[in-house]
Amino acid sequence: MKYFAQSLLKTIPVLFLITLIVFILVRVTGDPVSLMISETATDEERKALRESLGYNDPIYIQYFDYMGDLVKGDFGDSHRYETDALNLVIERLPATIELAIASMVIAIIMSVPLGILSAIKRNSFLDLFVTGGAVLGKAMPNFWLGIMLILFLAVNIEVFPVSGRGTFLHLVLPSIALGTGIAAEMTRLIRSSMLEILGQDFIRTARSKGLREAMVVNRHAFRNALIPVVTIMALQTSTLIGGTLITETVFAWPGIGQLLIQAVNLRDMAVVQAAVFIIAIFVILSNLTADLVYRLLDPRIKYD
Amino acid sequence: SGGESESEGSGDPEENSDSKRLVIANGTDIVSFDIHDHNNTSTEAVHVNMFNYLVRNDAEEGFVSDLAENWENIDENTWTFTLEEGVTFHNGEELTAEDVKYTLERVANDDTLLEYGSYQQIEEVEILNDYEFNIHTHESEPALLNRLSRLGSGILPKDYIESEGWDVFLEEPVGSGPYKLKEWRKDDQLVLEPFEDYFGEEPKWEEVVFRTIPEDSTRVSEVLTGGADIAVNIPPTDIERIEQEDGVSIVTSPSQRVMLFALRTQGDYPTADPKVREAIDLAIDKEAIVDSLLEGYGTPTRTRVTPGNVGANEDLYDTQVYDPEKAKELLAEAGYENGVNITLSAPNGRYLKDKESVELMQAMLEEVGITAELEMLEWSAFSTRYSDKDFEDVFFIAYGNSMFDASLALQRLTKEQAAGETDYDNPETEQLLQDAMSNMDPEERVEQYQKAQEIIAEDRPQIYLYQIDSIYGVNDRVDFTPKLSEMLYVDEITLK
Amino acid sequence: MENLTESMDAVPERKESLIKKMVYQLFKSKTGTIGLVIVIFVSLVAVFAPALAMHDPAETDAVNRLLPPFWLDGGSTEYLLGTDNLGRDVLSRIIYGSRVSLLVGISAVLLAGLIGIIFGLIAGYYGKTWDFIIMRTVDSFLAIPNILFMLIILAVLGPSLVTLILVLGGTTWVVYARMVRSETLSVKERDYVRSARAIGAKNFRIIVKYVLPNVISSFIVIATLNVASTIILEASLSFLGLGIQPPDVSWGLMLSDGREYIATSWWVATFPGLAITLTVLGVIFLGDWLRDVLDPKIKD
Amino acid sequence: MGEQLLDIQDLKVRFKTDDGYVSTVNGVTFHMEEGETLAIVGESGSGKSVTSLALMGILPPNGEVYDGNMTFEDKNLREISKKEYRKLRGNEMSMIFQEPMTALNPVFTIGFQLRESLMLHFNLSKDEAQKKGIEMLDLVGIPDSEKTMSRFPHQLSGGMRQRVMIAMALSCNPKLLIADEPTTALDVTIQSQILKLMRDLKIDSNTSILIITHDLGVVAEVADRVVVMYAGEVVEEAPVYELFENPKHPYTKGLMSSMPKVHEVVDDLYSIEGTVPNPSKMPAGCKFHPRCPLADEECTLVHPDLEYINESHAKRCIKV
Amino acid sequence: MAEINIENNRVEEEIILEVQNLKKHFEISKGFINKEVSTVRAVDGVDFEVFKGETLGIVGESGCGKSTTGQLVLGLLEPTEGKIYFQDNEISALNQKELRAARRNLQVIFQDPYSSLNPRMTVEDIIGEPLVVHKLASGKELRKKVLRLMNLVGLQEHQMKRYPHEFSGGQRQRIGIARALALEPKVIVCDEAVSALDVSIQAQILNLLKKLQRQLDLTYIFIAHGLPAVRHISNRIGVMYLGRMVELADRNAIFEKPLHPYTYALLDSVPIPDPKLRKESQVIEGEIPNPSNPPSGCHFHPRCPFANDVCKNEVPEYREIFDGHYVACHYPLTDHETQVISTEKEKS
Ligand SMILES: Nc1ncnc2c1ncn2[C@@H]1O[C@H](COP(=O)(O)OP(=O)(O)OP(=O)(O)O)[C@@H](O)[C@H]1O
Ligand SMILES: Nc1ncnc2c1ncn2[C@@H]1O[C@H](COP(=O)(O)OP(=O)(O)OP(=O)(O)O)[C@@H](O)[C@H]1O
Ligand SMILES: [Mg+2]
Ligand SMILES: [Mg+2]
Ligand code: NI
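In order, the protein sequence lines correspond to chains V, W, B, U and Y.
If you count the first sequence from 1, you need to add 9 to reach the numbering used here.
If you count the second sequence from 1, you need to add 620 to reach the numbering used here.
If you count the third sequence from 1, you need to add 104 to reach the numbering used here.
If you count the fourth sequence from 1, you need to add 307 to reach the numbering used here.
If you count the fifth sequence from 1, you need to add 7 to reach the numbering used here.
For reference, chain V alone in the conformation it holds in the complex (with noise of 0.2 Å):
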């Protein structure tokens, strides 16, 4: 567990950096106090509510402050909704997490089979297939995709609910339009990874020992193929929750991608700050769990 800890404090560095740039970004997006104030509002009034905000103070001194309320957790408040952001922000955090999983679910239901079925079959008419679905997959933007679900499998046929969260039949269209291009992304990995470890030398032994070809295949080598793709898989939480963006606007998902969108739109900072840090959080911690499932899988690699 050595290991968790120490690359639990190699973040550290991270987040300050995360933190550092957020700032940054924000701050250069100019004052949003135009966005929180009357229209009719004199300059002396706008000016008064920068001081009061205290965007007059040099940008460093504005990070000093920031750095020092978020260590003791505190993000500032949303001007939009006026209460704690960092609040807002967890309060949407279920509603992302719940449409991320799906999404990774719905991507590994997919490419699992369809990416060792392309490796066995090299060459075939069926792994042509499936490339070139992977290809699509990929070639298609996910608002594109979602829109066109809903067109067909909730407004054509009416299997599924249009839009919003709720039920589990609610997360099916959302989760398929996010999990299809990370599905197509992992179906060409494991294919190549289920390719390289078909050539390997144990394989070879598992064959000479008389096992079924089945066997070999699930057995031995899947088993050693989900290692790489794990942690390309944590790799693609990142653009999962960027996805998310996207997805949870067209499909009305009450998520951080929604409010993220908004806070952008009014210049509400300390949502932004608040939402970026957590995803970040969440993106890392997800690297950080692959990293374990890559441990648990691979026993070459020790743990402290």
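Each hint should be verified, as a subset may be incorrect.
[To be verified] With a straight-line Cα cutoff of 30 Å, these simulated DSSO-like cross-link-like pairs (lysine-lysine) come out: (1) V:Lys-56 with W:Lys-1035; (2) Y:Lys-319 with U:Lys-503; (3) U:Lys-626 with B:Lys-134; (4) Y:Lys-152 with U:Lys-560; (5) U:Lys-568 with Y:Lys-218; (6) V:Lys-130 with U:Lys-439; (7) U:Lys-389 with V:Lys-130; (8) Y:Lys-283 with U:Lys-568; (9) Y:Lys-30 with U:Lys-454; (10) U:Lys-560 with U:Lys-390; (11) B:Lys-306 with Y:Lys-142; (12) B:Lys-292 with Y:Lys-319; (13) B:Lys-306 with Y:Lys-319; (14) B:Lys-313 with Y:Lys-193; (15) V:Lys-130 with U:Lys-394; (16) Y:Lys-59 with U:Lys-568; (17) B:Lys-313 with Y:Lys-147; (18) U:Lys-390 with B:Lys-134; (19) Y:Lys-283 with U:Lys-626; (20) B:Lys-292 with Y:Lys-90; (21) Y:Lys-283 with B:Lys-306; (22) B:Lys-232 with Y:Lys-90; (23) U:Lys-323 with V:Lys-130.
No wet-lab data here; the hints were simulated from the structure.
Using the hints provided, position chains W, B, U and Y with the ligands relative to the given structure of chain V.
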């Protein structure tokens, strides 16, 4: 859509036809329950079901009573009101003149509130007794009733707020309206339930759900599948689709929104030349834009004060000047035989078909020799530039008018407010506007405004293009007549 | 046994140059051929757009709005693939859109690649503190989804073609930095790098002549694939209103604008979608082929 | 020696590559008897491994046997069903590979991998298989066998892994053990441990061993009979003493004399000029002729047959 | 046993390279919080000298530190301790620039002909690179020199523009040799230079190396684990075990009269390509221990048939027993003991 208990979503629009649950799909969530700190029509459209105004402005009938039983203008600067008795808030407290004083004086005095500008005219609310009070204005204020019947005019529970604090109020708002808040899941749905002790007519719906669905096509799909009874802001493109589907139809209404160009009338902008401004006006075929992009759901106008507003000049409504040949001549006269370049700034994604309209108009301008360089801005960037008065020659914007009065519509063209933006300065207009501002003679005041509109239509500090209609997709099980104000009084929506 | 020179007769006859190998591999790989043909085709379209397009892509025609493609009822051969909501010719817009889409895709990847390669080489070759600083920065960037990054930056700077490229490049470089670093770490341990040091070559020379060329092929492969991702990313940004702004036109913009018409006038969005798919397909095939060509292990 | 166990006649194997079919084994003929150790020697790429893989029926997907016959006991290996073949593999005939580092699956324990074939072929329960596995590890001289069962391959040294491989291969008492360069990757002291182990096993269990190597030292150490391969063909076959005493084929001769000897120092080594031909560009006639000191015009035209000069010694050369 | 060719193995004794108490420890830090460092003692106190014009062979099993020693000598690694003198200059004391200059005289040929050539450079560039780096030639001159080098190692002119992957293993090794020769070095370290080659090619390269040594008066440090090849080419041979030199002597002395039990075991383990000499050899038990956790005392003691408590606890001194015959063993094999084992072998 909604909560776990429902079974909608997979049904045809006709199904669940007599459910007493009304689902309305909005494009954006409400901003806040701080009724004074937003300037957002769709938020108010929800609020009106939870809060009551003193008076309501009904386009046809004029001002009708809501909380105020009657009212009277007793002198230039003073109005007296009598409240309905026995009105209670959702928490059981009675609504009295104290609450009115608290509410109105808050917004009239706190300059950080977004609605401050529209209420600062109020000097004081003087309590006579529990049910009677006087409103004193700083100056004579002919449009006071208009002010009191618009955005942010709901009456708040003073005791509740003072004892619990604003933070609690924002989480658990309390009003006096027919519906009270059941649940608000941000960016998802806001659920209202009937308030049994409502002082007026008994609430009709068992539950009202306002859903937030930002993507237009998704909203359309929801109304098509019965996931929503009413969907607002239907893109004109989808009208035909909805009309063709059984069980749903399109309902439209003119709105208060007028699209316009604001132009620099001074300095070394080409638009400082009135001929160029006129040429721009003449170059644009508003009719064609309405017909094509809006599928006819809009009306060309030459004034911002459209019918239904006090002071409207109907001569300038539903009409356009369009004459590209003349535009060319004017440009030549202005010395731009070889064309002229202007910068046209516009928000992107803010208004119905904003980008397309601007692209189309850019093409029309090009026809007569005006090369418009487009500067499409995302809304907050646009609004920063807007409040900094930082645009070049021309910018494109839509104005609404929650006051239903010409004063708000024309205010921006007074010398003081126009400075830095259009820099419009016509002493005659200025005089008319200033006079009308405090003229307590309604008829004369209307005349002044109408005259001003005529002058403005010729001076063109702003070129009015067209008024856009609100388009709703409505499930046939409900009867819904949209309002000019775009307010969604759910009890006026009925089951068929 | 002094006849060493003669003993070399069995030299296998091999292809003389990389170019020959490329051509050779190309004809061996069907998908590679398809990919190359598609990419060349799209590039030619982009280069000769003004000559190919029948209409000005911005030219509106209020009368002929939303005309279907010519083979459908109501279609016109004037507008082969129909017109959009402003009566603009879809085909001409696709032709012109290729310019921006390719320009954005390629320049952003080049920019990101340049930054990524430099930082990746430094981190991998020099290690230690450099590595720590660069890799923690990379981690930080990776922890922020790049569309989010872009959302924030573009909202501020305003989406112009140049900012779009800068932002796309400035946020995706980390992918390359990571990859180049790990490749560098492994190349650094190869004997040919050791022997370069043994002959007295300076670090800079080793990086440029030994490490870089051996890292670049993986880079090219990934970069090719990322051209595809970037084209798609641009579409997503358009959806958020932060992509290319009119009067410029890109496929992403067309797709995003056209989404409103999917149910009523499918062609407005479908054709740019097909253009994206086709290009992405071509680019991915090309990337796979390049992987083979650039891999010295795969002999001919 | 006993009954004939294996007979391979004119085996030909080809691979489908991007350039079309490449034939890498071009008519390999040899036989094995029960209890016998046969060594195949030859340079890298001469087709030794491919021959053994073909025999085991585990050629890579792009490879196929396209001619010749393989008879194991009384079964024609080219005709039996996949299922029957699977039953033979790991049971009647088993194999160990050159690279002990990669031949074991890194993600499963030694125990798992040992039990697998026992449970498969003998229908043993997990516990029984475990017991048998421990026995096997003891047999191949692994100390602490019980603990080793729960280790992963990477936790063992190369020599240990190779022992595990041998234990695995022997666990079902195969009649034929194919060892493809079992010691090439190991250090000399470990190599001699493994060779000793194999010698002992042969004596104990009467298993036939087909050992593949390019090290003539190893051949001299363990083999009864030797097959020399060059460019996918058998060029010489002889009992081990005879081969070392009286090599016939020029390639065999060259091979013998190009090996530096430990106990003998010469100024210059004999060396066979040139390099092994590329399988896709085989020379016409005798495949060795470009490197052969005896070659003349005839050799470039005639492809010699494998002919027996006595009942056990065969060569493929027209010049000797 | 075959005849021993006792020829003039001892060359004119001019020391060209000297190594004193050379150590290289690799620190592998594991933890991040509790910095737990384990040390791999790859080279742990090695002394030897190399005479001008000779070949010093270094043998030993995998991981015993042969390559590390080679790289230290080349200045590619910083020694943890100890000194290396090349023609009386201390290598580890040189600065970067001087070191680069010194490398003109010290070159290396690596084991793996596949990974030791930059796959992106043509043969001409690879061989010419040292000359370019040291600005010794350019343009036509460079080409001429490259061509000469190629001829020297038996490569042909028409192969100049080819890439390494277009060559066979033996040819690649020739390219590597040509590159090493380009700077006309005095010493070449051959790190397993023939181990990866096919049997028939190995002989070609060994012959070439010998020929070049004669022609160019080169000094080799020849690292290998294949004993026959080492014997063939070396004048003197050093035997390493777990980071230490356990024996060093004239090649015949090593092969005929090994003093260290490990050397003996090593020699005994080499299979002899002659079935008549098939031996029931004394297999030494056990595996090579982990260099990060070596046994106490004499590193070899757990595998040594003669070990006792002294071996377990005391590190044997590395001493010169006979003239030029060094050994690190408490109980070097006397003639008698060698005899005993040898007779056993003869009997079988
Ligand atoms: N899967 C394959 N596809 C194509 N060619 C192959 C394949 N496997 C082996 N070959 C070719 O078959 C020939 C014989 O290979 P094989 O592995 O049998 O040689 P070997 O004698 O075992 O050599 P080594 O001593 O290196 O193990 C080689 O030329 C090799 O390139
Ligand atoms: N850079 C390094 N970091 C850590 N340990 C190292 C490093 N280089 C070598 N070692 C370790 O030092 C020891 C000696 O390695 P070295 O490569 O010198 O052995 P060798 O005798 O050349 O072995 P081989 O015959 O396998 O090439 C080994 O245990 C090796 O794992
Ligand atoms: Mg082999
Ligand atoms: Mg080594
Ligand atoms: Ni629902």
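Hint check, failures only: 3, 4, 6, 9, 10, 12, 13, 18, 21
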